[in-house]
Amino acid sequence: DVKVTQSSRYLVKRTGEKVFLECVQDMDHENMFWYRQDPGLGLRLIYFSYDVKMKEKGDIPEGYSVSREKKERFSLILESASTNQTSMYLCASTRQGSTTEAFFGQGTRLTVV
Amino acid sequence: AQKVTQAQTEISVVEKEDVTLDCVYETRDTTYYLFWYKQPPSGELVFLIRRNSFDEQNEISGRYSWNFQKSTSSFNFTITASQVVDSAVYFCALMTHKLSFGAGTTVTVRA
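Listed in order, the protein sequences are those of chains G and P. Residues -3 to 109 (the numbering used here) make up the first sequence, in order. Residues 4 to 114 (the numbering used here) make up the second sequence, in order.
These are calculated hints, taken from the structure and not from any lab test. Since the structure is predicted, the reported quantities are computational estimates derived from the model, not experimental observations. Glycine included, every Cβ here is placed at the ideal spot set by N, Cα and C. Where hints are given, some of them may not hold.
Stated by the list, open to error - Covered, in the sense of this in silico footprint (three residues per stretch, anywhere, with C-beta under 8 Å from a C-beta of chain P), are these stretches of chain G:
1. 28 to 37
2. 48 to 61
3. 72 to 81
To be verified - Examples of chain P residues toward chain G, derived with CB under 10 Å:
4. 43
5. 46
6. 50
7. 57
8. 96
9. 105
10. 110
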């Protein structure tokens, strides 16, 4: 059973903390993505990666960074969490060339207080 | 730059009515993929369909059908004879070198 796993379902962090959100996929997919989902705004792309150590900014990268040291793992980092980063974060992966659909993790509900 | 526009924010219908969800996309790439996903109240994203840019064949799957028209950059989705279980947020997505989503359309089907 193919799987994308996000390390936490719920997280509560304080303003100014450094936050790590982890995503692991077991499908040997080349592409991995991080989104945030807010009501009425859909899924907005933060960063994506098409290979190990490769990353590209999405549409809303400010305040975030990413790391992809291994093919199966893609980490989202909030360098200094702020209350406006309270959101649902979704990780996804796809095969290169999109011969399959994107597979999603279960999401991490992050609250910054 | 690429963009996906779902102009309808919310649609409310009575059971057994048909529902059509609009999706318009923008890309300069000639090779791309289009998707529809459903997100029920439980929150998980459920894949519905994938189309590549070279395949304009429309498709019907049970009560679902899709109309892909490259000439108008549209990939519309119709639910025929809607049911309460169809209540969800529906997302259209476009993949080139990155995967972009529209803002979603919330469909509410009333009994």
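Going back to the hint list, which numbers does this structure go against?
3, 4, 7 and 10
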